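Undergrad: Please arrange chain B on chain A, whose structure you already have, making use of the hints.
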Amino acid sequence: MKKLPKADGSPALRGGGAPRSPQIASYNIDARLDAVRHQVTGKETLVWMNTGQSAVDVLPFHLYLNAFKNEQSIFMKASKGEMRGAKASDTGWGWIEITSLKIGGAEQVAKLRYPNLPDETVVELPLAEPVQPGSSIEIAIEFTDQLPEVFARTGYKGDFHLVGQWFPKIGVRVSAPSGDRWECQPLHINTEFFADFGKYDVALTVPSTHVVAATGVLVKAADLGGQMRQYTYHAEDVHDFVWMADPYMEIDKNTGRTPYIGQAKVDDGIVEVRVYARPEQAQFARRHLQAAIGAIEKFSNYFVPYPWPIMTVIDPPVDAADGAGGMEYPTLVTTAGDSVFTRPGVRIPEYVTVHEVGHNWFQGILASNEPVEAWLDEGMNEWADLHVMQDLYGPRANGIEWGGWQADIGWMREAIAGGDFDNLPSPIATAAYAFVDNKAYGQGTYAGTMAVMTTLEKLVGSTKFLAAMKAYAKEWAFKHPTGRDLFAVLERELGMDLGWYFGPTFEQVGGHKLEVRTADCDKVHEARGVFGEGPGRKTKTEDQAPDTGTYQCEVIVQNTGVVHVPVEVEFKFADGSTQRETWDDRGNGNWKRWVIERSSKLVEVRLDPDRKIMFGNPVTDQLRIDGDGSASLRAAARIASWTQGFMQLVGP
Amino acid sequence: MAMRLTLGEMLGAGTRGVGRYTGTLLAVFLVQTFITIVCMIAIWFALSRAYSHLPMWDEAVDGDLVALIFCIRYGKASLLASAGIAFGALLLWQVVSWFLVGGIYGVLAQRPEGRAETAKCFGASGASTFLAYARLMLCSIPGWVLVVIALGLGLSQFASESRLQHALTVPQLLGPIVLGSLPALVLLHFFWTVTDYARVELSLRQETHEPSVVMTYARTIMFVLRRPLTLAHGALGWLAFALISIGYAWLAHGHPMYGAEGAVTLFVIRQGVALARSAIRFGVLAGQLELGKTRALPPRRVEVKTETKKS
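Top line first, the protein sequences correspond to chains A and B.
Just so we're aligned: the first sequence equals residues 77 to 728 in our numbering.
Just so we're aligned: the second sequence equals residues 8 to 318 in our numbering.
No lab work stands behind these hints, which were simulated from the structure alone.
Mixed in with the good hints, there may be bad ones.
[Claimed, not checked] What follows is a set of in silico ranges between Cβ atoms, one per label pair, in the way DEER data are often shown:
# : chain 1 : residue 1 : chain 2 : residue 2 : range
1 : A       : Lys163    : B       : Gln101    : 21 to 29 Å
2 : A       : Ser706    : B       : Gly121    : 42 to 50 Å
3 : B       : Leu98     : A       : Val638    : 17 to 25 Å
4 : B       : Val102    : A       : Gly605    : 33 to 41 Å
5 : B       : Gly95     : A       : Arg419    : 49 to 57 Å
6 : A       : Lys163    : B       : Arg142    : 48 to 56 Å
7 : A       : Met572    : B       : Ile48     : 54 to 62 Å
8 : A       : Val638    : B       : Ala90     : 32 to 40 Å
9 : B       : Lys83     : A       : Asp467    : 31 to 39 Å
[Stated by the list, open to error] Derived list of chain B stretches under chain A, where covered just means 3 residues or more per stretch with a C-beta under 8 Å from a C-beta of chain A:
#  : region
10 : 60-70
11 : 79-93
12 : 144-156
13 : 176-189
14 : 221-233
15 : 270-283
16 : 288-302
All values reported here derive from a predicted model rather than from experimental measurement.
Backbone N, C-alpha and C fix where the C-beta goes; we use that ideal spot for every residue, glycine too.
Chain A extracted, bound-state conformation (with noise of 0.2 Å):
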């Protein structure tokens, strides 16, 4: 028998003290697995408040795990059962179902009305008495959850389980212009998860021979007889609640916990970071532990510090790492990437890590609406992986440092969507149901808003921009922050009008098609041919208008783009000087001609050197006038070189 881990006797709140959250919607859940079938039954008393300025009359609820019930949910039509390369199984369907609902000991099930059928993913229930402004309700709800063979963020595999998504979970009531309304989207393939605030109590029965990790702290853990335990976690300030059972998770024995635990300095103090893994898994483990302390301690210095005492990093088993991986909620992440491909130096574990855990700040603590506004999140959490990623593993290869290879993540990410920017079928701020595929929403949402934010930082100053943010992340902590808070706060910290750059790069598409157009140079001379008329005519040869010495050289540049930014071309001359000039082609037309005489021939222009410009296509910003073959036959000659080693297998 797995030895019962003490409780973590540290308070939810890292230092205790007072909620930092509003508290809208919090949760007390009695749950039980069945490991066998893979069902979950609960009990859940939520108690929500109505913060808003109307009377409620009508309570949504999303059912997350009927989006696997069959092939009729939004989520299985847009996703045909696949994603991120998992796939559902015929016999791993997954649902949800509420058995009572009460409010004041009244059963009110019969009164659950689904609006999107034949989609089953959110809920609701009219309310005989509406819920006043400022007044809370709080209802006792009973569910059975069946939960599916995992293949998007949630279920089983085996004998694992990730437990997510799992309660009758409340929506969130927004003020728009037209008064406040509910936010209570289904599930769709592109849109994760928006809840409010709250406290969380769950006490979690599961069989003894597994090891659980949960979001919060645990309380307790006692043993109940009959093969059987219950865990009980406390979680502050989060807004949702995920828990992992699997009899395989490695533990130590004197501990019953996992082996792999660290420590993040965290503004003073101390976050506790575990991580779980399967034994197979154990060189990983160290590197996703390794990766989620920086992080940890890099989000905390860079926003605003982690507020919890513990973070749990869980590392799925390696078949079930496609759809159980890669995964956020508040104080647990799921991570990925653990391959035999990513050997030390293939940094892609780590970066899925730090990912997950920078999900932390840009979701769990700037808890913007993922289904409306995903590149608040994912987006900006990719801008700050980036710098995550150079502040631990270096500047140039953060990314791949392997067999002489070398890549920075951010713009190896780049590199593989290939310009996408420029071809984008819709802006970026586009709701993420909203995309017409997952391609445009992922080209869009992850990649496009770190290049246009990591363009932007580079071009007012990384200092400032950072400044800029770490007062959006204080401003906005705990809160629902849009996409216009961003930009306010932003404009407002680095006091300028940024109008000109958000519009274009989020709310348009076409991108930023910057390139050498052309480039050319000539010999200059006094002019030859023919002047003057009758006896006067003379001929001007070229011995007469010999060359001065000097070149004259011709340097077109363009952008066909809708995004115009400021940027710096640097040409350079075959005596090895260099000489820069600013572009600047906001309203001054979309090409720019420059014509240099120079005792030095041009040979080569560059735009953007310094490679501020994250989006577009980098092939584009440069030329060489006169080509230069070395770096082709050294190619040519390494491919020559293997296609002799299968000459020699098929002759002598």
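TA: For chain B alone, kept in the frame of chain A given last:
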């Protein structure tokens, strides 16, 4: 009764062959190097066409993965052309090798003295067996088809996509691949050896017995089945070939040679490795010839002429 040759004697014959006809080995290697250089120049032109005006390409070739990805996306056509050139060189070498192998077997069998005699013998032997080797290639196609089928079946059985995808260690990755490929590799080695010994037979008996290519191939299958020594000898050759290749890869790993000077140095070192591998292949051919000589003679093709006397 035919003389029974041992593995040691076959290896000895290989060493002697390489020692005695080092010039022939070098000449064959020179042809190979020539094709390699032509291939290199063609690829150089193809790549230069796309990349010579792109400074980023220099960074890509020198190990900047980001630059490489951008360049690959930009110059797909040139890279495809380069791959086509490399494949073309491979095909050309396959065809040329019919002539070269015939020449090598001829020289090793007839043991000519002096450079001129050797060259003459090499050319004559290569030319005389060229078409027979080409027909032999056609005969061997069913064997190669069997190899491909075995490979497909083996990999689908042992190396499923999910199994490889979930591998955490090199043994977990390579184990199923090796296991799945093993039947195909055994078959490949068998049919490869059959082809080699069929070539020996065609070279040795071309003038005296004019053996039929199909019959030779069929008889050689039986010969190889009866003499596992043929397979062991060939396997030893491949083992040495692999050891040299892996040893070089291991030594070269993590030592990138940047710049034009580095590229030239790398090319020269690789030529040295290639020469060593060629010597092994040459030695194997010499050993095969020694064993091939001990085979029972094929039936002589007799032309029967009948004359009818008019009364």
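Undergrad: So, for every hint listed, does it hold in this structure?
TA: Hints and how they fare:
{"no.": "1", "hint": "A/Lys163 <-> B/Gln101: 21 to 29 Å", "verdict": "violated, 41 Å"}
{"no.": "2", "hint": "A/Ser706 <-> B/Gly121: 42 to 50 Å", "verdict": "holds, 44 Å"}
{"no.": "3", "hint": "B/Leu98 <-> A/Val638: 17 to 25 Å", "verdict": "violated, 49 Å"}
{"no.": "4", "hint": "B/Val102 <-> A/Gly605: 33 to 41 Å", "verdict": "violated, 59 Å"}
{"no.": "5", "hint": "B/Gly95 <-> A/Arg419: 49 to 57 Å", "verdict": "violated, 35 Å"}
{"no.": "6", "hint": "A/Lys163 <-> B/Arg142: 48 to 56 Å", "verdict": "holds, 49 Å"}
{"no.": "7", "hint": "A/Met572 <-> B/Ile48: 54 to 62 Å", "verdict": "holds, 55 Å"}
{"no.": "8", "hint": "A/Val638 <-> B/Ala90: 32 to 40 Å", "verdict": "holds, 37 Å"}
{"no.": "9", "hint": "B/Lys83 <-> A/Asp467: 31 to 39 Å", "verdict": "holds, 35 Å"}
{"no.": "10", "hint": "60-70", "verdict": "holds (count 10)"}
{"no.": "11", "hint": "79-93", "verdict": "holds (count 4)"}
{"no.": "12", "hint": "144-156", "verdict": "violated (count 0)"}
{"no.": "13", "hint": "176-189", "verdict": "holds (count 4)"}
{"no.": "14", "hint": "221-233", "verdict": "violated (count 0)"}
{"no.": "15", "hint": "270-283", "verdict": "holds (count 6)"}
{"no.": "16", "hint": "288-302", "verdict": "holds (count 3)"}
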